[in-house]
Amino acid sequence: MRIASVLVVLVGLLLVVSQASAHHSFAAEFDIDKPITLTGTLTELEWVNPHGWIHMDVEGEDGRIVNWAVEMGNPTALLRRGLRKSDFPPGIDFVVEGYLAKDGTPTANGITVTFPDGRNFFAGSSGTGAPVPTPRQ
Amino acid sequence: MQKKIWQKINRVGAIGMIALLGAMPVELYAQQAWEPPRTVDGHPDLQGYWDGGPANASHSIEDGCCDVVHARMQSRTPDRLGLLEPLIIDPPDGRIPYQEWAEVKRTQLLYDMETPTELGHIDPEDRCLLLGAPRSNYRGDLEIRQTKDFIVILYEWAHAYRVIPMDGRAHVGETISMYNGDSRGRWEGDTLVVEARNFNDQVWLDSHGSFYSDKLRVVERWELVEGDAIRYEATIEDPNVFTRPWTLAFTMGRIGGDDYEFFEEACWEGVTNKHRLAAGRLAVEAGERQLHTHEEESQ
Amino acid sequence: MRISAPFVSVSVATSFLLALAVSEAEAQTPNLQGIWQAVNTAAWDIEDHSGSLGIPAGQGVVDGGAIPYQPWALLQKQENFTNRATADPLASCAMPGVPRITYMPYPFQILQFDDRILILYEYVHATRTIYMNGSDHPDGHIDFWMGDSRGRWEGETLVVDVIHFNDQTWFDRAGNFHSEALHVVERYTPRGPNHIDYEVTIEDPNVFTRPWTMRMPLYRRQEPNVQLLEYECYAYAEEDLAKDK
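Chains as they are written, first to last, in numbering that gives the first Met the number 0: chain V, 0 to 136; chain B, 0 to 298; chain Y, 0 to 244.
Bound-form chain V, shown alone:
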């Protein structure tokens, strides 16, 4: 599957967090003082409500592979745009930036996605002055 399509999907997944979640009590679950960067490979995408989950294999400093769970928004907005779970097969490499869960498990709240070529997609809302994401041509 082409990288461009994957970019759109991932950005879309993360964007949904910003638009939909007025309710989610982030402070109770994730640590604003512990931003985290995860470099790894997609193993599974949970395409579910109320929150989707990206599962990714991440190699730690000790060389061990740990499977991380990264929380996303709900998939309805993506479905409405015509995207499907099958657009997102396992094996894609990427970097997730987010905040570490407070409970000590390998869990994070996903905020941005970056690809190995350095292209960075800030998944904040529109109007923040952040770069607007554009898929690779």
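What the hints contain is simulated information worked out from the structure, not anything from laboratory work. Careful: at least some of the hints might be erroneous.
Simulated pairs of lysine-lysine, DSS-like, Cα-Cα distance not exceeding 25 Å [unchecked claim]: (1) B:K273 / Y:K76; (2) B:K104 / B:K214; (3) V:K84 / Y:K244; (4) B:K273 / Y:K242; (5) V:K33 / B:K273.
Given the coordinates of chain V, assemble chains B and Y onto it according to the supplied hints.
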């Protein structure tokens, strides 16, 4: 003689015309008055898909969204914080008129939600519970359908629905309590008036622990207004918890085109709160409790 | 603005003709509106079964008696049956899927409109919108619990085509199951004012050797003030059920 008969005819004619004119809808006289689209029953047609009003209201109907951490994690600019306009229109200070003991309990919940150790500390929305009225109406998009005897409101979030019988039947008995209450509707002119009661006490009016008791009664007013919108108003009463009835109001805009559809949003099947509870228990053990506030704190 | 007599006459006549046209249109398709419920033991077991503690004996609703499982799938069904107390998705209060939602022992309400039919179920407030506007299913595959429903009238019968299922639901508590390839066709045919003949065909080439059919009457709930209440399954045992979530 002829003149008298003619006068009689004129008088009858005049009375007849006045009667006929009196029976006409008033709108015919006012050339500029806006007329809502109507169903075959002659009532305003509320059918279609509508946005759930102000997006931040479900976080707090007094303060909108959000706390500092939430705002920073979502990179919310000032225009996406708070409420664009007050939701609570009565009392004028825009605050829920809680009784003193209830305000204390709510403050307790504002602490507990930061370090939750049990399910009751977690926003019912994050537990996938039905959100009742009026919260369901400002939590997200809704769909209205009308038949002769029923108005049905469907909510995309967690596939919730409310059935509103319009045939004047009595409410169910007092000992049946439901998350979404029991609703009865009637038309007052062009305004749909819905009375809801038989709520349970399990859910909140927003994420700020704004709880109520099973004596809650809600009177909603739904009015189609110019500009493809619904003006929504809810008067809330609960003698166990509030000092007086109070009212919130907002406008919902129509969404979607001809082909618009809701998608299934299963909730319970995919919900998880274990991370939040584990974190809360760790924090409480470490003696770290804090108040949920939208104020900037020294961090 | 002057209101003339001809204007009034034309308005009245038009309204009358319009009302007549509408009622004519309504007379052509059956009215399935109301509150309905199945009365059988299919929710426990859609095939013939003896009684057991808490479960009444029942005659099956499957045409031909036995579900035509592929050999591997029959073994899976038997494993499901052994583990049913915990393995049944309803044991964790998940949505029952289609057609199990139809024959759960809870009422549901049908409401009809020009372009859609709504079915609202009391059990875990499940809902289905059956789009009657000739639209296609959305492109797939989508994992829905209750599928995506598109319907049409064939004479007196409402025919509903349902796809886009996950593989998480069962047909009953006895462990009868399906894959994501499930394709359901329902047929609702009124028989008199208070009965609907419900016929449902199941197709799943991953699991069965051929399509197969269930059938049962649906009964109108006739109590004068009957209405849907709530059965919020998971809320009643949230503490227990949320332990693994």
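Is it true that the CA of B:K104 sits at most 25 Å from the CA of B:K214? 17 Å, holds
Checking one constraint from the list: CA of B:K273 to CA of Y:K242, max 25 Å. Satisfied? 8 Å, holds
With a cut-off of 25 Å on the C-alpha distance, tell me whether V:K33 and B:K273 pass. 19 Å, holds
Restraint status (C-alpha distance of B:K273 to Y:K76 at most 25 Å): Between B:K273 and Y:K76 the Cα gap is close to 31 Å, so the pair fails against 25 Å, i.e. violated.
Measure nothing beyond the straight line between the CA atoms of V:K84 and Y:K244; if it is 25 Å or shorter, mark the hint as holding. Holds, because 22 Å separates the two Cα atoms, which is no more than 25 Å.
In the structure shown, a violation is registered for the earlier hint numbered 1 alone.
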